[in-house]
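With the sequences and hints as input, model every part of the structure.
So the sequence lines, in the order shown, correspond to chains A and B.
Those letters in the first sequence? Residues 1 to 99, by this note's numbering.
Those letters in the second sequence? Residues 1 to 163, by this note's numbering.
Just to be clear, a hint being listed does not mean it is correct.
Here are some, though not all, of the chain B residues that point toward chain A, as calculated from beta-carbon distances under 8 Å [said to hold, decoys possible]:
#, residue
1, V2
2, L12
3, V32
4, A53
5, G84
6, F95
7, A98
8, I101
9, D120
10, L121
11, H145
12, M152
Derived by calculation from the structure, the hints in this document are not laboratory data.
We treat Cβ as the ideally placed atom computed from N, Cα and C, and that holds for glycine.
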Amino acid sequence: MADPNRRIGTLRCRDLMPHLGGYVDHEISAELREAIDAHLEGCPECADFGSEYARLVDTLRSLSIPEDGDDSVEARLLGRLGRLWSASDRPPGDDSTGA
Amino acid sequence: MVRRHYGAVYGLLRSLGADDADAEDALQECFVSAWRNAPSFRGGESARPWLFAIARNALRRLHRRRAGEPARTESLDSLAVGAGWGQPARATARFEAAEEIRWALAHLPEGEREVVVMRDLLGVEGKETAQALGLSLAAMKSRLHRGRLRLMRLLRGGEVDDG
Numbered sequence: 001m002a003d004p005n006r007r008i009g010t011l012r013c014r015d016l017m018p019h020l021g022g023y024v025d026h027e028i029s030a031e032l033r034e035a036i037d038a039h040l041e042g043c044p045e046c047a048d049f050g051s052e053y054a055r056l057v058d059t060l061r062s063l064s065i066p067e068d069g070d071d072s073v074e075a076r077l078l079g080r081l082g083r084l085w086s087a088s089d090r091p092p093g094d095d096s097t098g099a
Numbered sequence: 001m002v003r004r005h006y007g008a009v010y011g012l013l014r015s016l017g018a019d020d021a022d023a024e025d026a027l028q029e030c031f032v033s034a035w036r037n038a039p040s041f042r043g044g045e046s047a048r049p050w051l052f053a054i055a056r057n058a059l060r061r062l063h064r065r066r067a068g069e070p071a072r073t074e075s076l077d078s079l080a081v082g083a084g085w086g087q088p089a090r091a092t093a094r095f096e097a098a099e100e101i102r103w104a105l106a107h108l109p110e111g112e113r114e115v116v117v118m119r120d121l122l123g124v125e126g127k128e129t130a131q132a133l134g135l136s137l138a139a140m141k142s143r144l145h146r147g148r149l150r151l152m153r154l155l156r157g158g159e160v161d162d163g
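Quick look at the structure:
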């Protein structure tokens, strides 16, 4: 790989790495974003890596997590909560569990 | 509340790597704990992040009974090089393949997988994720970044390790 201490603009390649997540998530200051943009413009290796990183994050965000658990899972859960409910005079909270 | 949220909580547990049996155990522990601690829940907020935090802790307790926590850490530079930093792009297609990514997620260390699942897959806000996992915001962001880098390394064919 290229020298991680190579400096382009105000940042070395190595300096960019801890901020890449914040850069992709838009959670860094405008000043730091500007410095990273300047580095990426002059460093194709970091730019390529940043693009791959961003592509992975896009895919992760597009993955759905189906609401899981079938009727039997629900029935066993409600059964256990129902037994707890019956074993005590009152639930510790309000009656919003729906059990 | 149970009917509204149990499916999402179960889905979270399965995404965190629990098999059917562990997911159901942790699901039950989660709602029993929620029921017992209902007075500590601040009304007006969404119950789901609160339940996610309880479920995640229940699953961790299950796992701790069986094995110790991984202690090894790796430098960010080393992790990034393994993820392809400074090397020709060659795994782009795998970065867009849902099944490949789900496989890689399953091989992340538990702490990193939790953050990636909550932030990237479930879209939980950063502060809520940090709170649910008992981390500072900075620590949560660092763990998220390391988890993503490790996913990239796995997708490039890198070693499966315990972090």
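Hints and how they fare:
Interface restraint check: V2/B against chain A, minimum CB-CB distance 5 Å, threshold 8 Å, status holds. With a cut of 8 Å, the hint placing L12/B at the interface with chain A holds, because the nearest CB-to-CB distance is about 7 Å. Because the smallest distance between the Cβ of V32/B and any Cβ of chain A comes to about 6 Å, under 8 Å, the interface hint for this residue holds. Because the closest C-beta pair between A53/B and chain A is about 16 Å apart, greater than 8 Å, the hint is violated.
Annotation: interface hint on G84/B holds; nearest CB of chain A at approximately 6 Å, less than 8 Å. Taken as an interface hint, F95/B checks out: its beta carbon lies about 5 Å from the nearest beta carbon of chain A, inside 8 Å. Given the 8 Å rule on beta carbons, the hint for A98/B holds: about 6 Å separates it from the nearest Cβ of chain A. The beta carbon of I101/B comes within 6 Å of a beta carbon in chain A, closer than 8 Å, and the hint placing it at the interface holds.
Interface restraint check for D120/B: the shortest CB-CB distance to chain A comes to about 4 Å, inside 8 Å, so the restraint holds. At a threshold of 8 Å, the smallest CB-CB gap from L121/B to chain A is about 5 Å, leaving the interface hint in force. For H145/B, the suggested interface contact is upheld, since its CB lies about 4 Å from the closest CB of chain A, less than 8 Å. Hint status for M152/B: holds, given a least beta-carbon distance of 6 Å to chain A, under 8 Å.
Hint 4 from the list above is the single one not met by this structure.
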